[in-house]
Amino acid sequence: MAAVWVRLHGATDMADAKMPDANMADADMADTKMPDADMADIEMADANMADAKMGDAKMADADMADAKMPDANMANADMADIKMADAKKADANMADAKMADANMADANMADANMADAKMRDAKMGDAKMAVADMADAKIADAKMADADMADTKMADAKIVVLYSSFTSGHSLATCAIIQTRIPTYYELILH
1 MAAVWVRLHG ATDMADAKMP DANMADADMA DTKMPDADMA DIEMADANMA
51 DAKMGDAKMA DADMADAKMP DANMANADMA DIKMADAKKA DANMADAKMA
101 DANMADANMA DANMADAKMR DAKMGDAKMA VADMADAKIA DAKMADADMA
151 DTKMADAKIV VLYSSFTSGH SLATCAIIQT RIPTYYELIL H
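By our numbering, the letter at position 67 of the sequence shown is numbered 67, and the numbering carries on one by one without gaps.
Hints are computed from structural coordinates only; laboratory data are not their basis.
Certain hints may be false.
Once the Cα atoms are required to be at most 30 Å apart in a straight line, the calculated DSS-like pairs of lysine-lysine come out as [said to hold, decoys possible]:
| id | residue 1 | residue 2 |
| --- | --- | --- |
| 1 | Lys123 | Lys138 |
| 2 | Lys153 | Lys138 |
| 3 | Lys143 | Lys153 |
| 4 | Lys138 | Lys128 |
| 5 | Lys143 | Lys128 |
| 6 | Lys98 | Lys88 |
| 7 | Lys58 | Lys68 |
| 8 | Lys68 | Lys53 |
| 9 | Lys83 | Lys98 |
| 10 | Lys118 | Lys128 |
| 11 | Lys83 | Lys68 |
Pairwise CB distance ranges (calculated) [as the list claims (entries may be wrong)]:
| id | residue 1 | residue 2 | range |
| --- | --- | --- | --- |
| 12 | Lys58 | Lys88 | 41 to 49 Å |
| 13 | Met149 | Met129 | 23 to 31 Å |
| 14 | Lys118 | Met154 | 50 to 58 Å |
| 15 | Met119 | Met84 | 27 to 35 Å |
| 16 | Lys58 | Ile82 | 45 to 53 Å |
Positions of the beta carbon are idealized from the N, C-alpha and C atoms, including for glycine.
Model the full structure from these sequences, guided by the hints.
Now the structure itself:
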């Protein structure tokens, strides 16, 4: 019985002795697993770092995009300013062209008015010339009429003198003949 107890007791001790080894082995295994867990944590950290870097990269891209957007807006604003300046330049040129056209029209109107004035002056000159010619013609006609009247009066005076000279030395019958022939004598005197 004692042998059996010893034997059993010895087996128990051996079992106890193996148990710490088993526990130790488990502990070692656990320690071995722990570094694996740490490795997993490191990988997780690396993954998080990668995500963080990815996030930073995306953020940087977003910032770059935002930076480019103001540049694009600035470029659009500059383009708008250039177009506005071009439009104003075109409007200014159009205004200058209209002013030039207006000045040309004014010049043409002035030329037309000058031509009309010259035409009126020419017509006035012609009218004055015509009036002068008419006056000269009337003067000439009056002088001619006066001359004819003077000639007629002179002829009549000569006839009277001739008649008087005949009547002074002839008979009444001869005087009567002379009276009837006065036109003949008048023609002789005039020619």
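- Those earlier numbered hints the structure runs against, lowest number first: 15, 16
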